[in-house]
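Student: With chain Z fixed as given, assemble chains B and R onto it according to the hints.
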Amino acid sequence: MSAKSYEQMASFHEDTTYILGDLIMEGALDGGDHPIVVDGQFNGDITATDVIIREQGKVTGTVKAKTAVINGHFNGNLICESLNVTATGIVEGEVQANALSIDLGAEVIGSISRVNAKSK
Amino acid sequence: MFGKNSVSPVAPPNHSQINEDVRIRGTITVSEPLVMAGQLDGEINADTLHIASTAIITGEVAAKSVTIDGRVLGSIVADKVFLSATAHFEGQLHCKGVAIGKGAYVDAKFTQEPAING
Amino acid sequence: MDKHGNKTVIGAGATFTGKITNARVIEVHGKVNADLTAEKVTIGEAGHFDGAIRADLVVVSGHYEGKMQAGSVWATATASISGKLHYETLQMDRGAALNCHIVYNWAAKNAVAAQTDKDDMDLPLPKPSDKAKNGVESTSPKEGA
Chain Z
1 MSAKSYEQMA SFHEDTTYIL GDLIMEGALD GGDHPIVVDG QFNGDITATD VIIREQGKVT
61 GTVKAKTAVI NGHFNGNLIC ESLNVTATGI VEGEVQANAL SIDLGAEVIG SISRVNAKSK
Chain B
1001 MFGKNSVSPV APPNHSQINE DVRIRGTITV SEPLVMAGQL DGEINADTLH IASTAIITGE
1061 VAAKSVTIDG RVLGSIVADK VFLSATAHFE GQLHCKGVAI GKGAYVDAKF TQEPAING
Chain R
2001 MDKHGNKTVI GAGATFTGKI TNARVIEVHG KVNADLTAEK VTIGEAGHFD GAIRADLVVV
2061 SGHYEGKMQA GSVWATATAS ISGKLHYETL QMDRGAALNC HIVYNWAAKN AVAAQTDKDD
2121 MDLPLPKPSD KAKNGVESTS PKEGA
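Protein chains in written order, with the numbering used here: chain Z, 1 to 120; chain B, 1001 to 1118; chain R, 2001 to 2145.
So that you can see chain Z by itself, here it is in the shape it has in the complex (with noise of 0.2 Å):
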């Protein structure tokens, strides 16, 4: 698993929401000011700094972020800064991104623009 993702995102504090693999959550998340770590299942809308979607996580819905980065499923809107699709990463939809980067083995289905205005 891209265990270099975790690195990057430090040491996983007491702050960062994480959502377990059996888990299936259904509306709004906002992280605040720490990462979030999708694991289980989510339907909804997330906003957060960052947004990690693990090898079995998937996110349906709207996601709002800084960083991303898709190790999983992920269908619906995506509007970040920095995404990172990893080789298992399946997006489909509609995602806003101005620097991307694309592993080898990753699925991308929809349009990919950039984010015009900061604004967020």
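The hints are simulated quantities; they were obtained by calculation from the structure and are not laboratory data. Treat the hints with caution; some may be incorrect.
As the list claims (entries may be wrong) - On the chain R side, residues computed to face chain Z include the following (Cβ under 10 Å): (1) 2008; (2) 2015; (3) 2019; (4) 2025; (5) 2029; (6) 2031; (7) 2033; (8) 2093; (9) 2096; (10) 2097; (11) 2098; (12) 2099.
As the list claims (entries may be wrong) - Cβ pair distances, simulated, as ranges: (13) Z:28 x B:1031: 50 to 56 Å; (14) B:1090 x R:2057: 33 to 39 Å; (15) Z:24 x B:1107: 47 to 53 Å; (16) B:1058 x Z:75: 50 to 56 Å; (17) R:2072 x Z:43: 42 to 48 Å.
As the list claims (entries may be wrong) - Result set (PhoX-like, lysine-lysine): computed pairs, CA atoms no more than 25 Å apart in a straight line: (18) R:2007 x R:2040; (19) B:1080 x B:1109; (20) R:2019 x R:2040; (21) Z:64 x B:1102; (22) R:2040 x Z:58; (23) Z:58 x B:1102; (24) Z:64 x R:2019; (25) B:1080 x B:1096; (26) Z:58 x R:2019; (27) B:1096 x B:1064; (28) B:1080 x Z:64; (29) Z:66 x R:2040.
Everything numeric in this text was worked out from a predicted model, so none of it was measured. Heads up, the beta-carbon is just placed ideally off N, CA and C, and yes, glycines get one too.
Tutor: Structure of chains B and R alone, referenced to chain Z:
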């Protein structure tokens, strides 16, 4: 016309290369690996294609494997696509696998056939 | 593996509104407005949970408002609970603020009897004199998710 070879990649033998000062309007079809450093308004059909950082392609690109360091405006249909940090791509992409390096400018619609990790 | 590998955590500063299902172990340090069924729920000191909880074990160190049906409840010194609390075993540390209707589950481990509000009707309700009673009225039985 100096040898403005500062950024021009040197193609290995049996590759074709189109230098950066070349401007073409039309269709290029090539079966050997091609390094494209010039400007094209039209279509490229190739097998292994390297669009160098000085290249500007407006139109359609079809290839098996494309490495893009330069500018492409239009559509790309390929099996494998690599967009490096200096790439600038606007348009549509239909491929089997894509890798995008950090720093690439991308504004495009992606469609993909999942064939690589199957 | 990271330390949080086995429990869901809602970090401090995070806010969530919605529905949570399938939770096993969940720790709330932020603000959650949801209904929840889980095995173990911990509401941290900074945590604020608004909604129904059905769990085996609940440890409350922060705020809770709503209807809670739990096997074992531990309200620590910083806890503040309002609403309705159905429990089998309850421990309250000195300092905990309980402004709620507390009901012991006479029925067996199944919280079946406690699900319906009939139980409450039988017991003499102390007249809700404080504002904290909001939780009681507004929590409609949203469980069964």
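Student: All the hints need checking, so say for each whether the structure fits it.
Tutor: Cross-check of the supplied hints:
{"no.": "1", "hint": "2008", "result": "4 Å, holds"}
{"no.": "2", "hint": "2015", "result": "5 Å, holds"}
{"no.": "3", "hint": "2019", "result": "5 Å, holds"}
{"no.": "4", "hint": "2025", "result": "7 Å, holds"}
{"no.": "5", "hint": "2029", "result": "6 Å, holds"}
{"no.": "6", "hint": "2031", "result": "9 Å, holds"}
{"no.": "7", "hint": "2033", "result": "8 Å, holds"}
{"no.": "8", "hint": "2093", "result": "21 Å, violated"}
{"no.": "9", "hint": "2096", "result": "22 Å, violated"}
{"no.": "10", "hint": "2097", "result": "23 Å, violated"}
{"no.": "11", "hint": "2098", "result": "26 Å, violated"}
{"no.": "12", "hint": "2099", "result": "27 Å, violated"}
{"no.": "13", "hint": "Z:28 x B:1031: 50 to 56 Å", "result": "54 Å, holds"}
{"no.": "14", "hint": "B:1090 x R:2057: 33 to 39 Å", "result": "56 Å, violated"}
{"no.": "15", "hint": "Z:24 x B:1107: 47 to 53 Å", "result": "34 Å, violated"}
{"no.": "16", "hint": "B:1058 x Z:75: 50 to 56 Å", "result": "32 Å, violated"}
{"no.": "17", "hint": "R:2072 x Z:43: 42 to 48 Å", "result": "31 Å, violated"}
{"no.": "18", "hint": "R:2007 x R:2040", "result": "10 Å, holds"}
{"no.": "19", "hint": "B:1080 x B:1109", "result": "16 Å, holds"}
{"no.": "20", "hint": "R:2019 x R:2040", "result": "17 Å, holds"}
{"no.": "21", "hint": "Z:64 x B:1102", "result": "19 Å, holds"}
{"no.": "22", "hint": "R:2040 x Z:58", "result": "23 Å, holds"}
{"no.": "23", "hint": "Z:58 x B:1102", "result": "24 Å, holds"}
{"no.": "24", "hint": "Z:64 x R:2019", "result": "20 Å, holds"}
{"no.": "25", "hint": "B:1080 x B:1096", "result": "6 Å, holds"}
{"no.": "26", "hint": "Z:58 x R:2019", "result": "16 Å, holds"}
{"no.": "27", "hint": "B:1096 x B:1064", "result": "10 Å, holds"}
{"no.": "28", "hint": "B:1080 x Z:64", "result": "29 Å, violated"}
{"no.": "29", "hint": "Z:66 x R:2040", "result": "32 Å, violated"}
In the structure shown, a violation is registered for the earlier hints numbered 8, 9, 10, 11, 12, 14, 15, 16, 17, 28, 29, in ascending order.
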